[in-house]
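Peer 1: One-letter residues, chain by chain:
Protein chains: 2
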Amino acid sequence: MNKTILLNSRPVGTPKLSDFKLVEKTVAKLSDGEVLLETKYISVDPYLRGRMNDQKLYIAPFQLNEPIQSGMIAEVITSKNENFKIGDFVSGMLNWQEYQISNGENLLKVDANKAKLSAYLGVLGMTGTTAYLGLLEIGKLKAGETIVVSGAAGAVGSVVGQIAKILGCRTVGIAGTQEKIDTLKNDYGFDEVINYKTTKNIKEAIAKACPNGVDVYWENVGGDISDAVHQNINKFGRIIVCGVISMYNKTKIPTGPRIERILITQSVLMQGFTVFNYIEKFPEAITQLTQWLNNGQLKHKETIIKGFENTPQAFLDLFEGKNNGKMIVEI
Amino acid sequence: MNKTILLNSRPVGTPKLSDFKLVEKTVAKLSDGEVLLETKYISVDPYLRGRMNDQKLYIAPFQLNEPIQSGMIAEVITSKNENFKIGDFVSGMLNWQEYQISNGENLLKVDANKAKLSAYLGVLGMTGTTAYLGLLEIGKLKAGETIVVSGAAGAVGSVVGQIAKILGCRTVGIAGTQEKIDTLKNDYGFDEVINYKTTKNIKEAIAKACPNGVDVYWENVGGDISDAVHQNINKFGRIIVCGVISMYNKTKIPTGPRIERILITQSVLMQGFTVFNYIEKFPEAITQLTQWLNNGQLKHKETIIKGFENTPQAFLDLFEGKNNGKMIVEI
Numbered sequence: 047m048n049k050t051i052l053l054n055s056r057p058v059g060t061p062k063l064s065d066f067k068l069v070e071k072t073v074a075k076l077s078d079g080e081v082l083l084e085t086k087y088i089s090v091d092p093y094l095r096g097r098m099n100d101q102k103l104y105i106a107p108f109q110l111n112e113p114i115q116s117g118m119i120a121e122v123i124t125s126k127n128e129n130f131k132i133g134d135f136v137s138g139m140l141n142w143q144e145y146q147i148s149n150g151e152n153l154l155k156v157d158a159n160k161a162k163l164s165a166y167l168g169v170l171g172m173t174g175t176t177a178y179l180g181l182l183e184i185g186k187l188k189a190g191e192t193i194v195v196s197g198a199a200g201a202v203g204s205v206v207g208q209i210a211k212i213l214g215c216r217t218v219g220i221a222g223t224q225e226k227i228d229t230l231k232n233d234y235g236f237d238e239v240i241n242y243k244t245t246k247n248i249k250e251a252i253a254k255a256c257p258n259g260v261d262v263y264w265e266n267v268g269g270d271i272s273d274a275v276h277q278n279i280n281k282f283g284r285i286i287v288c289g290v291i292s293m294y295n296k297t298k299i300p301t302g303p304r305i306e307r308i309l310i311t312q313s314v315l316m317q318g319f320t321v322f323n324y325i326e327k328f329p330e331a332i333t334q335l336t337q338w339l340n341n342g343q344l345k346h347k348e349t350i351i352k353g354f355e356n357t358p359q360a361f362l363d364l365f366e367g368k369n370n371g372k373m374i375v376e377i
Numbered sequence: 047m048n049k050t051i052l053l054n055s056r057p058v059g060t061p062k063l064s065d066f067k068l069v070e071k072t073v074a075k076l077s078d079g080e081v082l083l084e085t086k087y088i089s090v091d092p093y094l095r096g097r098m099n100d101q102k103l104y105i106a107p108f109q110l111n112e113p114i115q116s117g118m119i120a121e122v123i124t125s126k127n128e129n130f131k132i133g134d135f136v137s138g139m140l141n142w143q144e145y146q147i148s149n150g151e152n153l154l155k156v157d158a159n160k161a162k163l164s165a166y167l168g169v170l171g172m173t174g175t176t177a178y179l180g181l182l183e184i185g186k187l188k189a190g191e192t193i194v195v196s197g198a199a200g201a202v203g204s205v206v207g208q209i210a211k212i213l214g215c216r217t218v219g220i221a222g223t224q225e226k227i228d229t230l231k232n233d234y235g236f237d238e239v240i241n242y243k244t245t246k247n248i249k250e251a252i253a254k255a256c257p258n259g260v261d262v263y264w265e266n267v268g269g270d271i272s273d274a275v276h277q278n279i280n281k282f283g284r285i286i287v288c289g290v291i292s293m294y295n296k297t298k299i300p301t302g303p304r305i306e307r308i309l310i311t312q313s314v315l316m317q318g319f320t321v322f323n324y325i326e327k328f329p330e331a332i333t334q335l336t337q338w339l340n341n342g343q344l345k346h347k348e349t350i351i352k353g354f355e356n357t358p359q360a361f362l363d364l365f366e367g368k369n370n371g372k373m374i375v376e377i
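Protein chains in written order, with the numbering used here: chain A, 47 to 377; chain B, 47 to 377.
Please keep in mind that the hints were generated in silico from the structure rather than gathered at the bench. Please read these numbers as outputs of a predicted model, since none were measured by experiment. Zero decoy hints are in this set.
Identical copies go unnamed one by one, so any copy, or any two together, can satisfy a pair.
In silico DSS-like pairs for lysine-lysine, Cα to Cα no more than 25 Å straight-line:
#1 K281 x K186
#2 K186 x K327
#3 K296 x K281
#4 K160 x K211
Next comes chain A alone, as it looks inside the complex (with noise of 0.2 Å):
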């Protein structure tokens, strides 16, 4: 049979497993132009959350009863379409379903021997293209400039480290276990680590990682881990917001500190976005990016948890900050 996994209530506040529901669908015939598709990796990520709330965002909400979408690799069992033949990998903004029927519109083939296939969902997917474009596109990084990377461990996080590296700057990076922490020095090169859990000030724990004070933050969190990076920024720094996590599963909008007078008195930038504003520079990303993970410039982990109905609970656990890399689930 084929298992799909739907909303079946919107989350108020943090997601519970009871807000999803896994049933059992059967497949329609295929048609002439469709492939059938057999699901082998399924991305989950934060973003999704702002999905369940009957709120458009730059994307529709999801709808009640009806399966989750995100980007997942799959493989073509049966095709009815000249483009796709039995055998090849693609990846897509598919369902949760073990199988399904597309029509090959916004499939992407995956090669299977320039990387692995979990590699098309982080580094070379949404994850990393993300980490690429916002830090050209909105940091216009220079090297020798200092960046602040919070939420550092997670699948953005570290692909924004590691090329800020590569292209010359000091990275600091703020995580909140020892595990992380370790996985930021040891494995992505952060020239600075910050266990905010175990930091008193913050604040000062910045100021001290970054003598020549703050030129690029990256946001992934929000919360008072931002407001200790603000107030240690550059005159012409840049604040690229890609995510806050403290503040998705919040029913009512936080409240924190005004950011004006910073913008003001140090001339910042801060600017929000999401990958898909950059859509035309996707093939120029994933190039670069795949040439930095074939000579050993990139490196990625993932947390992997197996077996499609786990697939609720691996979101769940990205709140909790479980993951050490990009969360992936495989069937």
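Here the structure of chain A is known, so what remains is to put chain B in place on it, guided by the hints.
Peer 2: Using the frame of chain A, we list chain B on its own:
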């Protein structure tokens, strides 16, 4: 004698008259290369409040028992500098002093035949260039877009609204007195106006005034007004953070709803700046502003206070919104 106004004490919160001290000073003898200036007009501006704190901003803080400085227009009454002759009018960052000596550095000659002298402190000076360069360099305004301006009747806001109108935008101005609201409508041609003091639900008022949403928000004020605008911002919106007069006199950084989620979901740019970031574009800006002024497309109002000794009170009045247009002291 030669009166001068010193910083007597660093204001705590809202400045008081006793934070200033009027003293008499003698003028030194003129050396070669110097000019003796007689003050004609003094510009008082909200940003001066920042320089009264003991804190390095984009510009050094004022020193205790030293003269306050601001943009001023003066007449050359004695000259030992070949670049200036008696009767020349100049603008520059000068001391709050009736007479002073300058070596001519950073003095800009202004032409009393092209515009009235006080205009060089406002629409053709720092406030006008701030409006022009902020809109073009950061706002990248496109015809047909909607811009909301807070502090719209102020020296910067009124020019922002008019330039946006010249560029083909829908302009919505926010101000706090009926007199200012009338000025916005009748003199500056704003399409819609909102009196924030008599409007119960500003968010709804903005939604109504901006049926196509807000593409650009020019921030002069900060606080609740801005929160309401942010909630109406469009995808790819730009928030030009020029000033936050509601925050300058706070002894603690005020809190408010964290803005990161809006920046992300709408891919919004928020940029703080000072006009000195674009100093190489001043000639272009002043040429264009002078043309618009002289062909009647750009109107400007001034609140003129007479008497050198009233300069501190004129400055304090800014924070009460007592000016309608540029606040200037005439000597």
